[in-house]
Every structure is written in C-alpha cells, then in structure tokens.
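Number of protein chains: 2
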Amino acid sequence: MTSTFKPINPNDVKAVTCLGAGPIGAGWAAYFLAHGYTVTSYIHSLDEEPALRLLIENAWISLKQLGLSEGASLDNLTCTNNLKEAVSTADFIQESVPENIDLKQGVYAQLGDLAPTNVVIASSTSGLSMTDIQAHCATPLRTVVGHPFNPPYLLPLVEIVKGDQTAPEAVEWLVEFYKIAGKAPLVLRKEIPGFIATRLQEAIWREALHMVDNDEATVEEIDFAITNGPGPRWALMGPCLTFHNGGGEGGMAYNLDQFGPALKLPWTRLEAPELTKSLRNKMVDGCIREASDNDYITLSRARDEGLVAIQNALKNCKLPLT
Amino acid sequence: MTSTFKPINPNDVKAVTCLGAGPIGAGWAAYFLAHGYTVTSYIHSLDEEPALRLLIENAWISLKQLGLSEGASLDNLTCTNNLKEAVSTADFIQESVPENIDLKQGVYAQLGDLAPTNVVIASSTSGLSMTDIQAHCATPLRTVVGHPFNPPYLLPLVEIVKGDQTAPEAVEWLVEFYKIAGKAPLVLRKEIPGFIATRLQEAIWREALHMVDNDEATVEEIDFAITNGPGPRWALMGPCLTFHNGGGEGGMAYNLDQFGPALKLPWTRLEAPELTKSLRNKMVDGCIREASDNDYITLSRARDEGLVAIQNALKNCKLPLT
Chain A
-19 MTSTFKPINP NDVKAVTCLG AGPIGAGWAA YFLAHGYTVT SYIHSLDEEP
31 ALRLLIENAW ISLKQLGLSE GASLDNLTCT NNLKEAVSTA DFIQESVPEN
81 IDLKQGVYAQ LGDLAPTNVV IASSTSGLSM TDIQAHCATP LRTVVGHPFN
131 PPYLLPLVEI VKGDQTAPEA VEWLVEFYKI AGKAPLVLRK EIPGFIATRL
181 QEAIWREALH MVDNDEATVE EIDFAITNGP GPRWALMGPC LTFHNGGGEG
231 GMAYNLDQFG PALKLPWTRL EAPELTKSLR NKMVDGCIRE ASDNDYITLS
281 RARDEGLVAI QNALKNCKLP LT
Chain B
-19 MTSTFKPINP NDVKAVTCLG AGPIGAGWAA YFLAHGYTVT SYIHSLDEEP
31 ALRLLIENAW ISLKQLGLSE GASLDNLTCT NNLKEAVSTA DFIQESVPEN
81 IDLKQGVYAQ LGDLAPTNVV IASSTSGLSM TDIQAHCATP LRTVVGHPFN
131 PPYLLPLVEI VKGDQTAPEA VEWLVEFYKI AGKAPLVLRK EIPGFIATRL
181 QEAIWREALH MVDNDEATVE EIDFAITNGP GPRWALMGPC LTFHNGGGEG
231 GMAYNLDQFG PALKLPWTRL EAPELTKSLR NKMVDGCIRE ASDNDYITLS
281 RARDEGLVAI QNALKNCKLP LT
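Just so you know, the sequences run in chain order A and B. Mapping the first sequence onto this note's numbering, position 94 (from 1) lands on 74, and the numbers just tick up by one. Mapping the second sequence onto this note's numbering, position 201 (from 1) lands on 181, and the numbers just tick up by one.
Take the hints with a grain of salt, since some may be wrong.
[Unchecked claim] Once the Cα atoms are required to be at most 30 Å apart in a straight line, the calculated BS3-like pairs of lysine-lysine come out as:
no.	chain 1	residue 1	chain 2	residue 2
1	B	K170	A	K257
2	A	K159	A	K170
3	B	K295	A	K295
4	B	K295	A	K44
5	A	K(-6)	A	K159
6	A	K44	A	K159
7	A	K64	A	K159
8	A	K170	B	K257
9	A	K295	B	K44
10	A	K(-14)	A	K170
11	B	K295	B	K44
12	B	K64	B	K(-14)
13	B	K(-14)	B	K170
14	A	K64	A	K(-6)
15	A	K159	A	K(-14)
[What the hints assert, rightly or not] Stretch-level coverage of chain A by chain B, calculated; a stretch enters the list once three of its residues show a Cβ under 8 Å from a Cβ in chain B:
no.	region
16	160 to 170
17	178 to 186
18	202 to 210
Calculated from the structure, these hints are not laboratory results. Glycine is no exception: its CB is placed at the ideal position from the N, C-alpha and C atoms.
Please put together the full structure from these sequences, using the hints given.
Quick look at the structure:
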C-alpha cells in the first residue's frame, strides 16, 4: 500500500480542510488562513457557521498582531456540511471532531474513502491513539496524530504520533508541512498516553489538586506561585535547561550529583487525590474568584493578548542557543 | 518577647544587608540596589568580593532594562567580612548562606545577638525549615523564611514561611516590605517541604526523568514541548486558570465534571525513578547538547534577556483580571 501513497510536495499545499467547529477546529482554520492557505471548514450543521466564524474572527485579532502571511485573508474561508465536498480537493486535512472514539472511527472510515489517498489526514486528538482511530479506515497509511496546544493559532507545539498502520512517509511529510506552515512539530518516539506535554501538565496538575485538597494552597496561590516563579522560566527554557542553568558552572551534572538523593524525598504526593465534592468545589470556586467572574470570552482575550506579547517578546531572544 | 519586637515602618527601610556571595545572595543585593536601597553585602572572605561584584554587574544589565528606582546606584554597595558591622545598622537582613543546617543555625545564633531585635531577618532557604534554622537563635521572633526564585532580581515570587517561634507580626511586616520593594510575596498556610512552587516543579521534574529514563523523550524534546506548549500559558495564567479557561464557557466545573475520572488514569508515574548512572548521563548529555556547549554565563545572559522580555511584555497585559 505504501506504493499508492504519493503525497504532494508539502511546499505545494494550497488547500487545507479543517474538520470541527469547536475552539480547536476553528483555531486551526484561523491559523491556516493567517498563513495564506485556502481553508474549507467542515461543520456538522450549517447552524454552526456563525459561532465558528466568531471564533475565527477572535483568533484573527492575535494572528494579525503576530503578522499575517502574504495573501492571507478571512475571505479564503469556505464552510460546508458536505464531507465529500470538503475533502475531495484538499491538499491536507486536519481533523478536530469531538474526542469520542466511535465518532472518530466513523469519520475516518468515511475519510478513508472520500479523501484522495495521497492526502495526509492529521487528528487533533489529545487522548486517543491513532491505532484505534484508524481501525476502520480503508486507507490508514496517511493518518497521523497531529495534536496541537490550545489555542492552536498561538502555541506552536504539535505532537505527532503514528498508529500501527501509519506509513513513516506520512510522519515525515507532516513534520515538513507543519514546519513550512510555521508550527513546532515534535515526533513522539513511542505511543504513550497523554503524549509528552500533557503528561507533564498532568503531573503538575495532580500535585496542585493535592495542595488544594489539603488546604496547603488555594487555586489563586498556586497560579500566583507559578506565574511569578517557575512559569516564565518554563516558557523560555523548559524544565531541563532551567535546572542545567540553575546548577551554575556545574550545570545538570552538579545538580543531579548533588541533589539526586532529594528525588526520593516525599515532596510530591504519589497517587492522584480522590476528586471529592469538596475538592471539586474548592477548585471551581477558586477559579471563578481568580477570573473575577469574567466570562470565557473576556478571559480568552486576555490570554491571547498575553500569549501574543510573550511570543513577540521572545522573537528577539537568543534561546534556544546555537 | 513580642513586646520587644517593634519593627520600623517598612516604608522607612533604607539599609538592607544581604548575607552570601553566591548567585542568590548577589541577586538579592543587585535587586535591592536597583530599588534604591543602600546595601551591605556580608561575605565570608574579602577574596569573594570580585566574584560577587561580577554577579551584581551582570544582574544590573537586566535591572536597568526593567527600570531602576530613583537614586539607585551600584555605588550604594558596601562589602564586608565583619558580620557585626554588616548587621548593626541594617533595617532588614536577607540571609542567603549555603543550604546547610549546621551552618545556618550557627549564623542565626550570631545574628540573634548582633542584629538589632527590631530588625526582620529573612532566609532564602529553599529546603530547610525556619523552625530548625531558628533553634539556637536568642531572638527568633523576627526570623522568617523568604524564599526567592532564581534569579531573584528577575522573578518576583518570594515564599514566606514562619517557624514555630516566629511572631505573626514579623510575617506581616515582611509581606508589606517585599511588596514595597516590588516583590510578589506569598505566605504559606502550612510549613510543607518544598513550599508551593518547588513542589510543583518537582512533580514535573519527576515525570520528565521517567520519560528520559524510558527513552520516551530526550531532554531537548521535553524542553521543546514545554516552551512551545504549556510553558507560555503557565507564565501567564498558571495551571489552574489555564484549565478554567480550557473548559470553555463551563470553565473548571466543566473540566472536572467531565474529565475528573481521567485523573485516575496512569498518565504520570507515581514514584521517582532510580537515578541510575545511565539516566544521570542522559540528562547531563542532553542538557549540554541543548545548551550547544555554551557556558554558564552565556546561558544565564540569554535566560535573563528572555525573562526581561517576558516581564516587559506582560506589563501591559490584563492578567490577572480584576
């Protein structure tokens, strides 16, 4: 079957089809539009179009601040609820339908027949495995996980994971295409649950829940500690290079040889806490307090402004060093 | 003894004494100088003075970029190896001697007698408890942990923890003083090992070590995933508000009610991995590769430039919302 998979040069991609009308599907559509592609958004029902366009217009504010590509325009967007029409002329497909394995398998069964076999299909799934998603797809060679970080129009990371039936050429193609499109692709060495970034997020999240559960810190105090402490270092260097630098002249070697034994100290709790009603309410109430009762849109605008500011600020910084 | 503890108005602090010639002690000295204070640096031996001044001059580059206070000058620094002289006229003392309990207890025994009893003494310790540190101090009421994040001249967080003998008034005073001096103080509700930010750092660190140990990701891939993914969100919002926002209109409540059960999935490994020679070398080699063989000073300059850029960028952003 590898012989039937002849993708076009990723530099020649012009038409991108995005499946899904939620924040991820809309975020991808906005991103590709801003990078000069023609975008077709497949939506389940045409009733979803106004909400989709609102999300895209909101993303556009930030994308303009970061700089649009030549020819980029919201006019290059078409919405359709006809799947065949949506994918038949696509050069690349980014699927972001809800995280439900039955639903995804059904969509890939259809896509496998409707989308030209030389077209790579990437799934935005954050938790499902491509091996499962591609199970009922007749042309699974070109199906790959391409998991973005929210919001996909501002955070560059895309984690790439193959399924059992995925062709290595599809992975290579996707890496090259995402790079051309300005993303930061990361190919996983193994198909591990949660991939890399979400697993690391989950680790911090569990310890945060324990702290709130034990009344050692509130939601606001945890966020205050991170944003004023390690957060900016993580945005800039990540956890490993931060500790390498923190080790002074001796770097990571000094750190590990000196503080290695501290690893075994019970500084973080091991298992996830029971999500009791009380813990649930402490988390929820704390977040509402911290957001000062502002709604989702207001909070998202503030987030986007901050992320644009960080991204623009780091454009002229020397990290990663070469 | 509370009756003998009459601190001056934190607004009237003019003379700050910093103990310690390492990156933390020097970082604090630079920070207070940049905020217009007169600083005395106590160093163990006068031989350490040139290295201390180099660290302070390096910090000064960034502090100037962030904006110096009126009257701020490197000329307001005095170095001495006479502890009595260093603390007898201080309005506030920030101690950053090496993390060794015997050493700290000895220093606090001396400080307890030499420093005027109305002067608050804050310890930069990241891992020791003030209850232990103040054990042999004759005037322990005014001794408090004031743990900064590295570099202390750029990251605002200071975690404040009392010991068993610390007066509540000393904690209140220290919070007010740090705020006046432009820091972001956070008082811990309980004396927990690692405080808040370091425990959260440790959680992410353990999972990162597991990934490297299992060849699921390299050092560079982990840092790449964080800096291009959740890192900028953590710098801006912290982990809780990020998930509140990620829940869409439904916020944290939607997230927990929907995804709560996923907490029990084995997404992060529970115990810390064995720090084998092989794991140690993978971490060390990966960091050296990632730093492209650049030395500590070059890497620190790049870090400082990035942190200044992030901090300046976020000055005009609306988070936290009010």
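Going back to the hint list, which numbers does this structure go against? Going through the list in order, the structure violates no hint and respects every one.
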